[in-house]
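Novice: Sequence:
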Amino acid sequence: MNIHYTLCGFLLILFFSQQTKAATFTLPLWTNTSITTQNPNTVIKHGAVSHIDSPYLNVYTPKYNNHVAVMTISGGGYAREELAKESTPTSAFLQQHGFTVFELVYRLPNQDNNDSLVPFQDGQRAIRIIRTQAERFHIDPEKIGVLGFSAGGHLAAMLAIQWSHQFSTLHDSIDQVSAQPNFVSLLYPVISMQAPLDHTHAYKSLMGKNHDSVKQAFFSVNLQVNQHTPPIFLAHALDDRIAPVQHSLDMQMALDKNKIPYELHLFKNGGHGWGLGKAKTETTQWPTLFLTWLKNMNIVETDYSNKK
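Per the UniProt record's numbering, residue 1 is the first one in the sequence shown, and the count goes up by one each step.
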């Protein structure tokens, strides 16, 4: 366990071609959907998307492969997905460091007649697809991680801790594959759905006006941590007013209680939604800290970023 306090001071196609230029190709999650015919209701604004009809993975293959996979997940309060601010630049960064990266574009709860479980169905399906195609992408099937921002951090944490819960109802051969990630990174995550932390947009999107205590507990990740939880890297700013730092502190207490390896970085400034890092704040340190953690955990052996 490590805690670190850093206190030092047009068209849809055009958008995706610009934002995913580092991506090699795209994989659909479900056989009955087509990634070539996006939902005409999909909204693109300032690099964010919503009303996703056909969920998929953008695949970023590295020049030099370290055989480790990371699935990146943008946040947006489960109302939109901030691809341009969060998962897309992070995917490109990790790709440069030898990772095979899968950027998840997932359906959102309580949009387009979706229920609250669709993000978790898509997330589980994505991990299973990555694992079934490990040989194709030259990755170790036991080195598949998830990295999420804000509400995407909640989704990543749910996938890590509720991995044995079968969200999908398809029950095909892919559904028989393990959906458990081997490591997790949570950046300014939403963790709890209980008071006093039940005022996030993620809560409103998932729960609506339903304050069912059983459902609140199920979606409160810190209450579900157990001995099978994989190692976790966390980073949060102390001045975050959107998802207060108490979310990560609650997660820390749960990880401590269950003796799960983790590393927590708390930054004095940065607020919320900083993606790869907000200029002139300590949050710009997290990508390097994350890479160091992966090396210390023996998940990554070689950094290929300097290879030509």
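In case anyone wonders, no lab produced these hints; they're calculated from the structure.
Careful, some of the hints might be misleading.
Said to hold, decoys possible - Taking CB as the label site, the calculated pair distances span: (1) Thr132 x Glu301: 34 to 40 Å; (2) Met253 x Asn110: 28 to 34 Å; (3) Gln227 x Leu289: 22 to 28 Å; (4) Lys45 x Ser213: 32 to 38 Å; (5) Ala279 x His211: 23 to 29 Å; (6) Leu289 x Thr24: 35 to 41 Å; (7) Glu135 x His199: 31 to 37 Å.
Stated by the list, open to error - EDC-like cross-link-like pairs, simulated, lysine to aspartate or glutamate; straight-line CA separation at most 16 Å: (8) Lys143 x Glu301; (9) Lys215 x Asp198; (10) Lys295 x Asp256; (11) Lys204 x Glu301; (12) Lys209 x Glu301; (13) Lys278 x Asp250; (14) Lys268 x Glu301; (15) Lys63 x Asp53; (16) Lys215 x Asp115; (17) Lys280 x Asp250.
Beta carbons are placed, not taken as given, at the ideal position from N, Cα and C, and that holds for glycine.
Novice: Take the hints in turn and mark each one as holding or not.
Specialist: Hint-by-hint comparison with the structure:
no. : hint                        : verdict
1   : Thr132 x Glu301: 34 to 40 Å : violated (24 Å)
2   : Met253 x Asn110: 28 to 34 Å : holds (30 Å)
3   : Gln227 x Leu289: 22 to 28 Å : holds (26 Å)
4   : Lys45 x Ser213: 32 to 38 Å  : holds (35 Å)
5   : Ala279 x His211: 23 to 29 Å : violated (39 Å)
6   : Leu289 x Thr24: 35 to 41 Å  : violated (27 Å)
7   : Glu135 x His199: 31 to 37 Å : violated (45 Å)
8   : Lys143 x Glu301             : holds (12 Å)
9   : Lys215 x Asp198             : holds (12 Å)
10  : Lys295 x Asp256             : violated (21 Å)
11  : Lys204 x Glu301             : violated (41 Å)
12  : Lys209 x Glu301             : violated (47 Å)
13  : Lys278 x Asp250             : violated (24 Å)
14  : Lys268 x Glu301             : violated (31 Å)
15  : Lys63 x Asp53               : violated (32 Å)
16  : Lys215 x Asp115             : holds (13 Å)
17  : Lys280 x Asp250             : violated (28 Å)
The structure is inconsistent with the numbered hints 1, 5, 6, 7, 10, 11, 12, 13, 14, 15, 17, although it conforms to all the rest.
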